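Please take these sequences and the hints and turn them into a complete structure.
The numbering used here puts the sequence shown at residues 1 to 350.
Treat the hints as calculated values from the structure; they're not laboratory data.
Note that the structure is predicted; figures quoted are calculated from it, not measured.
Check each hint, because a few of them may be wrong.
Only pairs whose alpha carbons sit at most 27 Å apart, straight line, appear in this in silico DSSO-like list of lysine-lysine [claimed, not checked]: (1) 228 / 268; (2) 206 / 227; (3) 206 / 256; (4) 102 / 220; (5) 130 / 117; (6) 271 / 227; (7) 48 / 75; (8) 48 / 62; (9) 75 / 62; (10) 256 / 271; (11) 48 / 118; (12) 102 / 206; (13) 118 / 130.
Distance ranges between label pairs, derived from CB positions [unchecked claim]: (14) 41 / 259: 44 to 50 Å; (15) 42 / 242: 29 to 35 Å; (16) 119 / 54: 31 to 37 Å; (17) 63 / 88: 40 to 46 Å; (18) 72 / 40: 17 to 23 Å; (19) 109 / 186: 32 to 38 Å; (20) 196 / 225: 17 to 23 Å; (21) 91 / 196: 15 to 21 Å; (22) 58 / 86: 44 to 50 Å.
Built from N, CA and C at the ideal position, the CB exists for glycine as well.
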Amino acid sequence: MTSKSTPGAGDKSDDEENENGTAAAATGGVLFYVNKDGFPMTHQTCEKMFNHCARIHPDREKMVDKIQGSKNLPKVPVPSAPAVHLYQSVGARLEAIQDYMKELQYNHTGMQFYEIKKNRPLSGLMDSAKEMIRESLPIKCLEAVILGIYLTNGTPGLERFPISFKTQFHGNIHRHVVLGLVHNSRYGALGMSRRDDLMDKPLEFKSLSELIFSYQDAYKKYWHVVKKLKVGLPIAHDPHSFEQIHWRHLSLNMWKMSHSEASKEIDKYAKDMRACYKSSRSGQSSYQFVQETNPYNSPRRNPVPSSTPRVNRSSSPIVVRATQAGADGSDDDGPVVEKRLTGGGYEIRI
Numbered sequence: 001m002t003s004k005s006t007p008g009a010g011d012k013s014d015d016e017e018n019e020n021g022t023a024a025a026a027t028g029g030v031l032f033y034v035n036k037d038g039f040p041m042t043h044q045t046c047e048k049m050f051n052h053c054a055r056i057h058p059d060r061e062k063m064v065d066k067i068q069g070s071k072n073l074p075k076v077p078v079p080s081a082p083a084v085h086l087y088q089s090v091g092a093r094l095e096a097i098q099d100y101m102k103e104l105q106y107n108h109t110g111m112q113f114y115e116i117k118k119n120r121p122l123s124g125l126m127d128s129a130k131e132m133i134r135e136s137l138p139i140k141c142l143e144a145v146i147l148g149i150y151l152t153n154g155t156p157g158l159e160r161f162p163i164s165f166k167t168q169f170h171g172n173i174h175r176h177v178v179l180g181l182v183h184n185s186r187y188g189a190l191g192m193s194r195r196d197d198l199m200d201k202p203l204e205f206k207s208l209s210e211l212i213f214s215y216q217d218a219y220k221k222y223w224h225v226v227k228k229l230k231v232g233l234p235i236a237h238d239p240h241s242f243e244q245i246h247w248r249h250l251s252l253n254m255w256k257m258s259h260s261e262a263s264k265e266i267d268k269y270a271k272d273m274r275a276c277y278k279s280s281r282s283g284q285s286s287y288q289f290v291q292e293t294n295p296y297n298s299p300r301r302n303p304v305p306s307s308t309p310r311v312n313r314s315s316s317p318i319v320v321r322a323t324q325a326g327a328d329g330s331d332d333d334g335p336v337v338e339k340r341l342t343g344g345g346y347e348i349r350i
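Quick look at the structure:
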């Protein structure tokens, strides 16, 4: 969540440039800053962080003066990124990644240290993940998703996709995002939050709806109402890919739906994903859309001569319907876009 008194951390809804080029993000009336100057952090950026901490910390300026006036600050340990072992199980690898994120700690300063532009290509976001490992500073939920993608790249049989929540608490809107996972038909997640039950989930859920409802149940404990759910498409395992992360392919107004209705839509989407993609072990996109077989072009009914090379005889490519805003994960519902997937890639028709 973006509120200092509520769980999780969320993506920004509005960015405003100030005179020093540092973005102040406002979500539900709660301000936090984004470090746009890179590293090492500039004096102006540090001052903004300390001033913000002085406003929200119970000890106010005393806390800031104590830190800035101390000559013997304790040395902060720098965690090491988890090593990948050849015979390590997927579950053990995910546990090591989540433990590493916890060692980095959740960022409570009010200053987001890494600028994450959700519409950047995957290769650029992976550069941001490398920067997180190098600087070893606390992170929020969106940064944890990017770091989780980087650290799980190349994991055999593991598919990753973003899951975003929009919740309401005391009239304020809060946003949270985690990295959904599926392996051997079991669902789980990686993530960071102020609350333990809004962070990671083990690979033990039998369905996507069961995973998502576990988050919804956790939100109820903190008096949050889940207003909207967004689930994106599987993310490529190629760190050099120029694809963008599709943050929203399924969007549900959860507060307007019954439990059974939401469960039906979520599991239908999960089934469509399983039918439409298959894991790629070639280092390219982690998903390929499988074209439906036309019964009238079945090889049994229309045998192909042995001299003719085998080709996909589907009469038309499968059509995936999405909203225009899905690539960047924004909340505004745009016009419906039909994406026709052909052998050479995407053909987008507005």
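To see whether the hints hold, each was checked on the structure:
A hinted pair counts as satisfied when its Cα atoms are at most 27 Å apart, and residue 228 with residue 268 qualifies at roughly 17 Å. This hinted pair checks out: residue 206 and residue 227 have alpha carbons roughly 24 Å apart, not beyond 27 Å. This hinted pair checks out: residue 206 and residue 256 have alpha carbons roughly 25 Å apart, not beyond 27 Å. Using a Cα cut-off of 27 Å, the hinted pair residue 102 and residue 220 holds, with the two alpha carbons roughly 24 Å apart.
For the proposed pair residue 130 and residue 117, the alpha carbon gap of about 15 Å is at most 27 Å, so the pair holds. Of the supplied pair hints, the one linking residue 271 and residue 227 holds, its CA atoms being roughly 23 Å apart against a limit of 27 Å. Under the criterion of a C-alpha separation no larger than 27 Å, the hint pairing residue 48 with residue 75 is consistent with the structure, at around 23 Å. Straight-line distance between C-alpha atoms of residue 48 and residue 62 comes to about 16 Å, which keeps the hinted pair within the 27 Å bound.
Note on residue 75 and residue 62: the hinted pairing holds, with a Cα-Cα distance of about 21 Å set against a maximum of 27 Å. Only pairs whose Cα atoms come within 27 Å are accepted, and residue 256 paired with residue 271 is accepted, the gap being roughly 23 Å. Between residue 48 and residue 118, the direct Cα distance comes to roughly 24 Å. Compliance with the 27 Å bound is thereby established for this hinted pair. Annotation: proposed proximity of residue 102 to residue 206 holds, straight-line Cα distance about 26 Å (limit 27 Å).
Using a Cα cut-off of 27 Å, the hinted pair residue 118 and residue 130 holds, with the two alpha carbons roughly 16 Å apart. Taken as a hint, the range 44 to 50 Å holds for the pair residue 41 and residue 259, whose Cβ atoms sit roughly 46 Å apart. Take residue 42 and residue 242: their Cβ atoms lie about 31 Å apart, and the range 29 to 35 Å holds. For residue 119 and residue 54, the hinted distance range of 31 to 37 Å is satisfied, since their beta carbons lie about 34 Å from each other.
A hinted range of 40 to 46 Å holds for the C-beta pair residue 63 and residue 88, which are about 42 Å apart. In this structure the supplied range 17 to 23 Å holds for residue 72 paired with residue 40, their Cβ-Cβ distance being about 21 Å. Separation of residue 109 from residue 186 is about 36 Å and conforms to the stated range, judged on CB atoms against 32 to 38 Å. As the Cβ distance of residue 196 to residue 225 is approximately 21 Å, the hint placing it in 17 to 23 Å holds.
As the Cβ distance of residue 91 to residue 196 is approximately 18 Å, the hint placing it in 15 to 21 Å holds. Here the CB-CB span from residue 58 to residue 86 is close to 49 Å, well matched to the stated 44 to 50 Å.
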